[in-house]
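Peer 1: Residue-level listing of the chains:
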Amino acid sequence: MKALERLARDPNIRAAIHDAEADSNAVWQKLNRRTFLKLTGLAGGGLTLAACISSGPAAVTDEQPGDFAPNAFISIAPDGSVLIYSKSPEIGQGIKTSAPMIVAEELDADWADVRVEQASINPDVYGRQSAGGSRSIASAWDQLREAGATARAMLVNAAAESWGVAVDECTTAASFVMHEPTGRRLSYGELAGQAAKLRVPDKSTLTFKSRDDYGLIGKRISGVDNEKIVTGKPLFGIDQTLPGMLYASYSKCPATGGRVRDANLDEIRALPGIRDAFVLEGNDIVSELMPGVAIVGDSTWATQSARARLRIDWDESDASTDSWSDLAEQAAALSNKQGATVMREFGNVDEAFTNAEQMLDAFYSYPFVSHAPLEPQNCTAWYHDGDMEIWAPTQRPDRAKDNVANVLGISKDRVTLYQLRVGGGFGRRLMNDYTCEAAAIARKVGAPVKLQWTREDDMAHDFYRPGGFHALQASLDSNGKLSAWQDHFITFTHDGNKPVPSGEIRDGEVPEGLIDNYKLSQSLLPLGTPTGPWRAPRSNAIAFAVQSFMHELSNAAGRDHVEFLLELMGEPRWLDPGNARVLNTGRAAAVIKLAAEMAGWGQQLPAGRGLGLAFYFSHAGHFAEIADVSVDSDRKITVHRVVVAGDVGPIINMSGAENQCQGAVIDGLSTMLGLEVTMENGRVQESNFHQYPLMRMRNSPTVDVQFIQSDFAPTGLGEPALPPLAPAICNAIYNATGHRVRTLPLSKEGYSV
Amino acid sequence: MGRLNVNGQERVLEDVDAATPLLWVLRDYFGLVGTKFGCGGGYCGACTVHLNGKPIRSCATPFSSVDGQSITTIEGLAAIDGALHPLQEAWVAHDVPQCGYCQAGQLMSAAALLARIPSPSDTDIDTAMSGNLCRCGTYSRIRAAIHDAAEAMQADGGEV
Numbered sequence: 001m002k003a004l005e006r007l008a009r010d011p012n013i014r015a016a017i018h019d020a021e022a023d024s025n026a027v028w029q030k031l032n033r034r035t036f037l038k039l040t041g042l043a044g045g046g047l048t049l050a051a052c053i054s055s056g057p058a059a060v061t062d063e064q065p066g067d068f069a070p071n072a073f074i075s076i077a078p079d080g081s082v083l084i085y086s087k088s089p090e091i092g093q094g095i096k097t098s099a100p101m102i103v104a105e106e107l108d109a110d111w112a113d114v115r116v117e118q119a120s121i122n123p124d125v126y127g128r129q130s131a132g133g134s135r136s137i138a139s140a141w142d143q144l145r146e147a148g149a150t151a152r153a154m155l156v157n158a159a160a161e162s163w164g165v166a167v168d169e170c171t172t173a174a175s176f177v178m179h180e181p182t183g184r185r186l187s188y189g190e191l192a193g194q195a196a197k198l199r200v201p202d203k204s205t206l207t208f209k210s211r212d213d214y215g216l217i218g219k220r221i222s223g224v225d226n227e228k229i230v231t232g233k234p235l236f237g238i239d240q241t242l243p244g245m246l247y248a249s250y251s252k253c254p255a256t257g258g259r260v261r262d263a264n265l266d267e268i269r270a271l272p273g274i275r276d277a278f279v280l281e282g283n284d285i286v287s288e289l290m291p292g293v294a295i296v297g298d299s300t301w302a303t304q305s306a307r308a309r310l311r312i313d314w315d316e317s318d319a320s321t322d323s324w325s326d327l328a329e330q331a332a333a334l335s336n337k338q339g340a341t342v343m344r345e346f347g348n349v350d351e352a353f354t355n356a357e358q359m360l361d362a363f364y365s366y367p368f369v370s371h372a373p374l375e376p377q378n379c380t381a382w383y384h385d386g387d388m389e390i391w392a393p394t395q396r397p398d399r400a401k402d403n404v405a406n407v408l409g410i411s412k413d414r415v416t417l418y419q420l421r422v423g424g425g426f427g428r429r430l431m432n433d434y435t436c437e438a439a440a441i442a443r444k445v446g447a448p449v450k451l452q453w454t455r456e457d458d459m460a461h462d463f464y465r466p467g468g469f470h471a472l473q474a475s476l477d478s479n480g481k482l483s484a485w486q487d488h489f490i491t492f493t494h495d496g497n498k499p500v501p502s503g504e505i506r507d508g509e510v511p512e513g514l515i516d517n518y519k520l521s522q523s524l525l526p527l528g529t530p531t532g533p534w535r536a537p538r539s540n541a542i543a544f545a546v547q548s549f550m551h552e553l554s555n556a557a558g559r560d561h562v563e564f565l566l567e568l569m570g571e572p573r574w575l576d577p578g579n580a581r582v583l584n585t586g587r588a589a590a591v592i593k594l595a596a597e598m599a600g601w602g603q604q605l606p607a608g609r610g611l612g613l614a615f616y617f618s619h620a621g622h623f624a625e626i627a628d629v630s631v632d633s634d635r636k637i638t639v640h641r642v643v644v645a646g647d648v649g650p651i652i653n654m655s656g657a658e659n660q661c662q663g664a665v666i667d668g669l670s671t672m673l674g675l676e677v678t679m680e681n682g683r684v685q686e687s688n689f690h691q692y693p694l695m696r697m698r699n700s701p702t703v704d705v706q707f708i709q710s711d712f713a714p715t716g717l718g719e720p721a722l723p724p725l726a727p728a729i730c731n732a733i734y735n736a737t738g739h740r741v742r743t744l745p746l747s748k749e750g751y752s753v
Numbered sequence: 754m755g756r757l758n759v760n761g762q763e764r765v766l767e768d769v770d771a772a773t774p775l776l777w778v779l780r781d782y783f784g785l786v787g788t789k790f791g792c793g794g795g796y797c798g799a800c801t802v803h804l805n806g807k808p809i810r811s812c813a814t815p816f817s818s819v820d821g822q823s824i825t826t827i828e829g830l831a832a833i834d835g836a837l838h839p840l841q842e843a844w845v846a847h848d849v850p851q852c853g854y855c856q857a858g859q860l861m862s863a864a865a866l867l868a869r870i871p872s873p874s875d876t877d878i879d880t881a882m883s884g885n886l887c888r889c890g891t892y893s894r895i896r897a898a899i900h901d902a903a904e905a906m907q908a909d910g911g912e913v
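Chains as they are written, first to last, in the working numbering: chain A, 1 to 753; chain B, 754 to 913.
In case anyone wonders, no lab produced these hints; they're calculated from the structure.
One thing to keep in mind: the hints can contain errors.
Coverage of chain A stretches by chain B, computed from C-beta distances (three or more under 8 Å per stretch; other residues unrestricted) [unchecked claim]: (1) 152-165; (2) 370-378; (3) 419-429; (4) 589-595; (5) 688-694.
The following label-pair restraints were derived from C-beta to C-beta distances [unchecked claim]: (6) S823(B) x D634(A): 52 to 58 Å; (7) G761(B) x Q604(A): 40 to 46 Å; (8) E904(B) x D634(A): 35 to 41 Å; (9) D634(A) x I833(B): 26 to 32 Å; (10) A340(A) x G784(B): 53 to 59 Å; (11) S752(A) x P815(B): 30 to 36 Å; (12) F278(A) x G761(B): 53 to 59 Å.
Values in this document were obtained by computation on a predicted structure and should not be read as measured data.
Where a beta carbon is used, it is the ideal one built from N, C-alpha and C, also for glycine.
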C-alpha cells in the first residue's frame with residue numbers, strides 16, 4: 001500500500017534518529033589542527049574578533065588568509081569581553097548555557113565577562129550541530145575543553161613573553177593571567193592582540209583542569225537567554241520578521257498522503273488580506289514536502305481566517321487509513337501467540353520456565369503520543385537571487401539545508417540557515433517538514449514569507465511516538481530470583497520487515513544482559529501513520545512495561561523491590577566496558593540505593609498511599625525514581641513527591657541539570673496520565689489541548705533531584721530521567737491499592753488527578 | 754479603525770479585520786512578539802496579556818472587543834527605566850525557563866496574581882497559574898519564583 005511504502009522509503013526519519021544518537025563527531029576529528037585553528041580564528045591574526053560580529057543571527061563570514069574567522073567558539077575583545085559561540089540548537093535542554101560553561105572553564109574566563117551567541121551552521125567547522133539523543137554534551141566535551149584550553153595557553157604564552165618569564169610561573173583566573181612571584185597581572189583583553197600573533201600550541205601540550213579545580217562547572221548558572229525571555233525580546237523562530245515579509249498557512253490532508261484533487265483557490269484569493277493561494281504537489285516525502293494548499297497574505301490572521309473558508313477535495317487513494325482501535329484489537333489477538341520473529345535469545349527460556357517455581361504473564365500496552373511543543377511549527381524563508389535563506393527553530397539545522405535543497409532542486413550551498421531558539425523540541429524538530437514547506441512557498445512568492453502552523457496542524461501532522469504492546473512472561477526460581485524473561489513485542493511496520501522508526505527494541509535495552517535466560521520476539525502490524533523519536537525514544541514507553549512487570553515479579557516473590565532490583569543488577573560491572581551507552585550495574589545499584597535513601601524507602605504509609613520504585617538506563621544515563629502517591633476510592637490520585645537519583649557523570653550546570661530532571665518527571669507524568677493520540681480513517685482525532693490535556697501546575701508534584709557525580713565523562717540529561725517515571729507511578733499505585741496498571745494512559749483505567 | 758493603549762502608548766489600527774485576535778495585532782502589526790501563540794483556543798495561556806490590569810487570552814480576544822482600552826504586554830512589564838519587575842528578577846534568579854516559550858504568558862498571569870493577592874498561598878498560585886501550560890514542566894520553579902517576588906515586593910512596600 002502506497003501510504004506505507006512512502007514512509008518506508010522516507011530518507012530522513014530513520015536518519016534523524018541515527019544522527020541524533022550516533023557519535024557523529026567524525027568531521028571534527030578529521031580536521032587537522034591547523035585547519036581547525038584557521039577555521040576557528042585562533043591562528044594567524046589574533047583573538048580580537050568581537051568588533052566584527054553583529055548581534056543578530058551569527059553571520060557566516062568569508063575567510064581570507066590572515067583574517068580571523070569569527071565563527072567558531074571564542075573571541076576575546078580588547079575590552080575584555082569574551083564571546084563564546086554555542087554550536088548546538090537550544091531547544092530547552094540548556095545547551096546554550098552549559099556548552100559555553102565548558103569552554104569558559106578551560107579558558108579560565110570570568111563568567112561575568114562571557115556573552116554567548118548562537119553559532120552559524122557549519123559542520124565543517126563545528127562537527128555535530130544537532131540536538132537529539134542527549135548527545136550534545138557528551139559529543140562535544142573534548143572539543144569544547146580543547147577550544148578553551150588552547151585559547152588559555154595562548155594567553156599565558158603572550159603574558160609570559162611580555163613579562164620575560166617562564167610560562168610555568170604564570171597562572172590564570174577570572175580572565176586574568178598572573179605572575180605571582182612579581183605580582184604582575186594582565187587581563188585577557190589586554191593580551192588578546194598579542195596572543196593572536198603567537199604560534200598555536202600543539203594539542204599534546206595543552207593542560208586541562210582536573211575536576212577538583214573546576215570553578216564554574218557544577219555551579220548553578222542561570223540560562224544565558226533568560227533576560228531576553230522574561231522581557232519578551234525576539235528570540236524564537238516565531239519571532240523572526242523581515243522587511244516586506246508575508247505570512248502563510250499550509251493545509252495538508254489530515255490523512256497522511258492525501259493529494260489535492262481540487263480546491264476553491266479563486267474564492268480564497270479574493271478574500272481580504274490574501275495575496276495568493278496555490279497548490280504545492282510536493283515530493284511525496286512526508287518529512288519534506290507533501291501535497292497541500294498554501295495561502296499567502298498580509299498577516300497571520302488573514303491566512304488563518306481565509307483557511308476557514310478553504311474547501312479542499314482530497315484524493316485519499318494513497319493516504320493512510322489507520323484505525324487505532326483496529327490496531328489495538330489486532331495486537332490483543334496476537335498477545336497469546338508466539339512472536340512472528342525471534343529477535344534475540346540467550347540461555348534457555350523454555351527450560352527455565354519448565355523448572356520455574358512461579359510463572360507470571362501480563363499484557364502491557366501504551367498509545368501513540370504527540371510531541372506538542374508549545375511553539376507551533378513555523379519557519380521564515382526568503383528566496384532571492386537564486387539563494388534560499390531560512391530562519392528556523394530546528395533541532396537539525398544542517399539536515400534542514402539538505403531537505404530544502406532537495407525539495408527545491410538547488411544546490412545545498414545556495415541554502416543558508418539561521419538557527420533560532422526552539423520553543424520546545426522533544427524530538428519533533430529533528431524533522432524539517434515545516435522548513436521545506438516555508439521554502440517552497442517562499443520560492444513561489446518571491447518575497448520573505450513566514451509559514452505559521454496552527455496547533456491543529458501540529459497535532460495532525462506529527463511524527464508520533466508509536467504505541468506498543470508487550471506480552472510478557474517471566475519465571476521465578478525457588479529462591480524468588482528472576483530466572484527467565486520473555487517479551488513478545490507487538491509493534492508496527494511500514495515495509496513489512498523492520499519496525500517503524502522508534503518502534504523497535506534495540507540491543508541492550510533493559511533487562512537484556514541482566515538475565516541469563518532471555519527471549520525477545522516481535523510481531524509487526526502495518527502502519528501508515530508517521531512515527532519518530534520522542535524524548536527518550538523507545539525507552540520512554542518500554543520502561544513502563546518492563547519496570548512495572550519487574551515489580552509484579554518482586555511482589556510475586558514476596559520480596560522488597562529495592563532488594564530485588566539490586567539482586568538483578570548483581571556484581572558491579574560494565575556490560576560493555578568503555579561504552580557509555582551501555583549499562584553499568586554498579587552505577588545502577590548506586591542510584592537505586594540513593595533513591596531509596598532520599599524517599600525514606602520502607603517507611604509505613606497510611607492506607608491508600610504507596611511508594612513506587614523504578615530504575616531505567618537510557619541515553620547513557622542511570623536513573624532511579626521513587627514516587628509517593630495517594631489514591632482515593634474514586635481512583636483520584638495525588639502525587640505527593642517524586643525523588644530522582646541519577647548518574648550522568650559530572651554535572652555541568654547544576655541548575656539546568658535539575659531543571660531537566662524536574663521537567664522529565666512532569667513530562668512523564670503528564671503523558672502517562674491522560675495523553676493519547678488516536679487515529680481513525682488515517683486521521684488523528686485529537687486537535688488541540690482540550691483533547692490533549694498536558695499537565696497543569698495544580699497537579700504538578702514536588703520533584704527532588706540528586707546526582708551521583710561519578711568520574712565518568714559527562715553525558716546528557718534531556719532524556720534519561722523520563723523513562724523510569726511511569727513505572728514508578730504505576731508501582732506506587734499498586735502499593736497503595738493493589739491494582740496493577742497495564743494500560744496507559746491512566747485515564748483509560750479510570751484514574752484522574 | 755481601532756485604537757489601543759499598549760504599554761502606555763497610543764496605537765491606531767487602520768484597515769484591519771475587526772475579528773483579528775489581539776494576539777496577532779500585537780505580533781504582526783505592532784511588532785510586539787513577546788506575546789506568544791500556542792493554541793489559538795485559550796487553552797495554554799502563552800498569549801496572556803493584561804486588559805486594564807486583568808489577565809486575558811489575547812488569542813481568543815478580537816481586538817475590536819477591547820477598542821480604546823489599555824493593554825499591557827510582556828514588553829511593558831518592566832519599569833519604563835528598564836528596571837525589571839520583581840517577578841522577572843525572580844524568574845532569572847530561579848533559572849525558571851527551559852525552552853522559555855510559555856514564560857511571557859506565565860509572567861503576565863503571575864503579575865496579575867500579585868496585583869490582586871500580594872502574598873499568595875500555594876493554592877492561590879496554583880489556581881491563578883493553572884491556565885498557563887508549560888510543556889517543559891517548570892511549574893515548581895514558577896511557584897518558587899512567585900513566592901520570592903511576592904516577598905521582595907512586600908519588602909519594598911508592596912509597590913512596583
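Peer 1: Counting residues of the region 370-378 of chain A with a beta carbon closer than 8 Å to any beta carbon of chain B, are there 3 or more?
Peer 2: holds (count 5)
Peer 1: Tell me whether the statement that chain B covers the region 152-165 of chain A is true, taking a Cβ distance below 8 Å and needing three residues at minimum.
Peer 2: violated (count 0)
Peer 1: May I ask you to test the hint 53 to 59 Å on the CB atoms belonging to F278(A) and G761(B)?
Peer 2: Violated: the Cβ-Cβ distance is about 42 Å, outside 53 to 59 Å.
Peer 1: Mind checking, does the region 589-595 of chain A have 3 or more residues with a CB under 8 Å from chain B?
Peer 2: violated (count 0)
Peer 1: In this structure, is the beta-carbon distance linking D634(A) and I833(B) contained in 26 to 32 Å?
Peer 2: 52 Å, violated
Peer 1: In terms of beta carbon proximity below 8 Å, does the region 419-429 of chain A have 3 or more residues touching chain B?
Peer 2: holds (count 6)
Peer 1: Is 53 to 59 Å respected by the C-beta to C-beta distance linking A340(A) and G784(B)?
Peer 2: Hint holds: Cβ distance 58 Å, inside 53 to 59 Å.
Peer 1: For the range 40 to 46 Å, tell me whether the beta carbons of G761(B) and Q604(A) fit it or not.
Peer 2: 59 Å, violated
Peer 1: Just tell me: holds or violated, for the beta carbon distance of S752(A) and P815(B) against 30 to 36 Å?
Peer 2: 34 Å, holds
Peer 1: Lying within 52 to 58 Å: is that true of the beta-carbon distance S823(B) to D634(A)?
Peer 2: 45 Å, violated
Peer 1: Has the hinted range 35 to 41 Å been met by the Cβ atoms of E904(B) and D634(A)?
Peer 2: Holds, at about 37 Å.
Peer 1: For the region 688-694 of chain A, does the count of residues with a C-beta closer than 8 Å to a C-beta of chain B reach 3?
Peer 2: holds (count 4)
Violated hints, listed in ascending order, are 1, 4, 6, 7, 9 and 12; each of the other numbered hints is respected by the structure.
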